[in-house]
Amino acid sequence: MVIQMNNEYYHSVVLDKSKCKGCTTCLRNCPTQAIRVRNGKATIIKERCIDCGECIRVCPYHAKNAVTDKLDILKNYKYTVALPAPTTIAQFKKKISVNRILTALKDIGFDEVQEVAYGAEIVGEALKYELMEKDVKKPLISSACPAVVRMLQVRFPELIENLVHLESPMEVTARLVRKRLKEEKGLRDEEIGLVFITPCAAKATTIHSYIPWDNSHSSIDASISISEIYPEILDRIDKVQEEDLQHSTGRGLIWAHTGGESSFIAEKQIINVDGIHNVISVLEEIENGRLRELDFFEGLACIGGCVGGCLTVENTFIAKKRIMDRSLDRKAGDNDITDEMIKSAYESGFLDREGKIFPMPETPLDPNIKEAINKMETMDKIEKTLPGIDCGSCGAPGCRALAEDIVRGQASEVDCIFVLREAINELSKLMYDLSEKVVPVMKDKENEGNE
Amino acid sequence: MSSIYEMDYNVGSRDFAAAGDASRSIKRTLQQIGVDTSVVRRIAIASYEAEMNIAIHSKGGKMHLAVNSDKVVVATEDFGPGIENVDLAMTEGWSTATDEIREMGFGAGMGLPNMKKCSDEFSIESSVPEGTRIKMIFKL
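Residue numbers (this note's numbering), protein chains in the order written: chain A, 1 to 451; chain B, 452 to 591.
Looking at chain B on its own, in the form it has when it is part of the complex:
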């Protein structure tokens, strides 16, 4: 039997009170499964960035965690509005965040590049206005 653990998390748009809960829960789960601490750290950072992206920029979305003995996959999916130019969005420092969001300490334009840096495999597809899907793979 192949062992796989899967879990879904909802991320609300602009729900700053709950934003961060999903990545916190993901981190805790991986610690209890016994994933190496340095990998947990990378996943924690990447999933936190992903979760905040959904909360800040999208109309809400979902995160999906899948763990098996050789890899961890964190996938996200949101309900729009999508990213017009994905290549531009992947550039460090590029951001569409409003001043209000920047005031909160987010929106430095490091989210997507950071997620890519932290993960072993990173893919993103986006269409306007449907939404954005991201898949991050971390090897164990």
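Bound conformation, chain A alone:
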């Protein structure tokens, strides 16, 4: 498995070349047309990929995966803390207590476990304060899903200023833990290893290169996928001596599914949407100025929300049901979170996102606008010569995408099997015609032979 890294576009989505059959399934499902099949294998155009994980989900050969860290990274740190996403809890039946799940997770080799659901409750409660700000751009757009944030950077750069200015639950939880460990245990930053247990590729990406807000630094040091750690938890779940580790309430846990975040400001005008294609269609409406009365938009790339993450193990809808059931067990106020605490954390700026989110529009057809205009015209002309059936055999997701690749100099017209067949057909006619023709100097000789 080759992982190419550069600081500008790091992605955790990778391809296992030995498993890729070069079929066109991922090609067609990619919401940003970031995939091409080249030399029989899928390749990712880095500047377009938003790490949504659609390709991981749809690949029939499981050739697409996400690079997350392995458990052996724990030995790099003096003190390690597991930060499980709320979705982690949804992987287990309700009869297993949250404390038991957390204890089994800790037993794998962590010094501590702190739920991201705790930070989620804080961020959720703080949302109302952000909505009260007088210069807030409405609709305020949730920044919880990094794939959606990335989508905004690439395709809806003008909506970036509508993004919530608070950090994500995962970062807030990590900040709180890091601060406490430094103050109470006297640990230095480099001695602390905060490991996020991730349901998806997009979150793993933000930890490693932090692309959505590309000039800042994550408080988290590593990520391990839920699917990777699930069997380890399962091995220990019946054996551990249950500890009292739960700090979350149902308020935080429901961030795992769509609508969880919105529930904190339920009295406002809200739309919540899941599935990246659905998110795009609502973002288009917002961009067109149709939803002026809307206060808040919660868009999550995976169907169902984080419970549908491509690195989880349980069926999305079963997981969602379990979260809903558990959310009734512990209610707001059953932990130490108070409104005064939220208010002061909000006002102090502790919850603010570090750094700015920049637009990352895709590269124009040409850096020179005149040339780009010419190439756009050429692209239309080329598109007209293509069959228009979007078969994907050329390795591009559709005929228009192939036309674009051609004007960008990354493909050729005969990559289209229909164009190629026509060219061969014409060539064979020409060859036939030529074979009928006799070279003038040979004419008499041929006649002689016939006599």
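Hints were generated in silico from the structure; no laboratory data involved. Don't take every hint at face value.
Residues from chain B that face chain A, not an exhaustive set, calculated with beta carbons under 10 Å [unchecked claim]:
1) Tyr456
2) Thr480
3) Ile484
4) Val486
5) Ser489
6) Val491
7) Tyr499
8) Met503
9) Asp521
10) Val524
11) Ala526
12) Leu539
13) Cys569
Capping the alpha-carbon separation at 35 Å, the derived lysine-lysine pairs in DSBU-like fashion look like this [as the list claims (entries may be wrong)]:
14) Lys138/A / Lys567/B
15) Lys75/A / Lys510/B
16) Lys567/B / Lys268/A
The calculated label-pair distances, taken between Cβ atoms and stated as ranges, are [said to hold, decoys possible]:
17) Asp550/B / Glu354/A: 47 to 57 Å
18) Gly355/A / Asp550/B: 39 to 49 Å
19) Glu535/B / Cys23/A: 53 to 63 Å
20) Ala266/A / Ala468/B: 29 to 39 Å
21) Asp339/A / Arg475/B: 40 to 50 Å
Think of the CB as a built atom: it goes at the ideal place given N, C-alpha and C, for glycine as much as any other residue.
Given chain A, work out where chain B should sit, using these hints.
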């Protein structure tokens, strides 16, 4: 050689399934050409309003996009019935939309004023029953 890119789009009357396709395509084209994102946003809003106006109020029509290195022009033309009082139609909040259209979230009477606000130059001419022509210029 002066570089210019032109494209025509048909907009059907009451074709709500396809309404929005032309402005979506215009936005995509401008992004690929590399037009500044804030200008793309203004053009996207204005052309969407224009397209919906044709779909909702007219007997169908056309949109025309022209891009060169210093400006983008979006022009529309419909087949009637035309606007009786253009000055009134340009007033914010004035609308002839039916309740059915308002139910769909359109017809707030902001379309034409919004198009004017988004564009650098805006002109409209209309005659009953022939139809309405609008030309919007966006400077680059």
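Hints, verified against the model:
A distance limit of 10 Å between C-beta atoms decides the matter here; for Tyr456/B the minimum to chain A is near 5 Å, and the interface restraint holds. Look at Thr480/B: its Cβ gets to within about 6 Å of chain A, closer than 10 Å, so that hint holds up. Residue-level restraint check for Ile484/B holds (minimum Cβ-Cβ distance to chain A is 5 Å; threshold 10 Å). For Val486/B, the shortest C-beta to C-beta distance to chain A is roughly 8 Å, which falls under 10 Å, so the interface hint holds.
The beta carbon of Ser489/B is positioned within 10 Å of a beta carbon in chain A (closest approach about 6 Å), and the interface hint is therefore held. Using the Cβ-Cβ criterion of 10 Å, the hint placing Val491/B at the interface with chain A is satisfied: the shortest such distance is roughly 7 Å. Interface hint at Tyr499/B: satisfied, since its Cβ lies 4 Å from the closest Cβ of chain A, which is below the 10 Å cut-off. A least Cβ separation of about 9 Å between Met503/B and chain A falls short of the 10 Å threshold, and the interface hint therefore holds.
Hint status for Asp521/B relative to chain A: holds, with the closest Cβ pair at about 9 Å, below 10 Å. For the restraint placing Val524/B at the interface with chain A, the shortest Cβ-Cβ distance is roughly 13 Å, beyond the 10 Å limit, so the hint is violated. Violation of the interface hint for Ala526/B is found here, the shortest Cβ-Cβ separation to chain A being roughly 17 Å, above the 10 Å cut-off. About 22 Å separates the beta-carbon of Leu539/B from the nearest beta-carbon of chain A, more than 10 Å, and the hint is not met.
The restraint placing Cys569/B at the interface with chain A holds, with a minimum CB-CB distance near 9 Å, inside the 10 Å limit. At most 35 Å may separate the alpha-carbon atoms for a hinted pair to count; Lys138/A and Lys567/B meet this at roughly 22 Å. Of the supplied pair hints, the one linking Lys75/A and Lys510/B is violated, its CA atoms being roughly 71 Å apart against a limit of 35 Å. Simply put, Lys567/B and Lys268/A have alpha-carbon atoms about 31 Å apart, close enough for the 35 Å limit, and the pair holds.
Take Asp550/B and Glu354/A: their Cβ atoms lie about 49 Å apart, and the range 47 to 57 Å holds. About 48 Å separates the C-beta atoms of Gly355/A and Asp550/B, a value consistent with the hinted range of 39 to 49 Å. Taking the beta carbon of each, Glu535/B and Cys23/A are about 59 Å apart, inside 53 to 63 Å as hinted. Under the hint 29 to 39 Å, the C-beta atoms of Ala266/A and Ala468/B, about 33 Å apart, fit the expected range.
Look at Asp339/A against Arg475/B: about 44 Å separates their beta carbons, and that is inside 40 to 50 Å.
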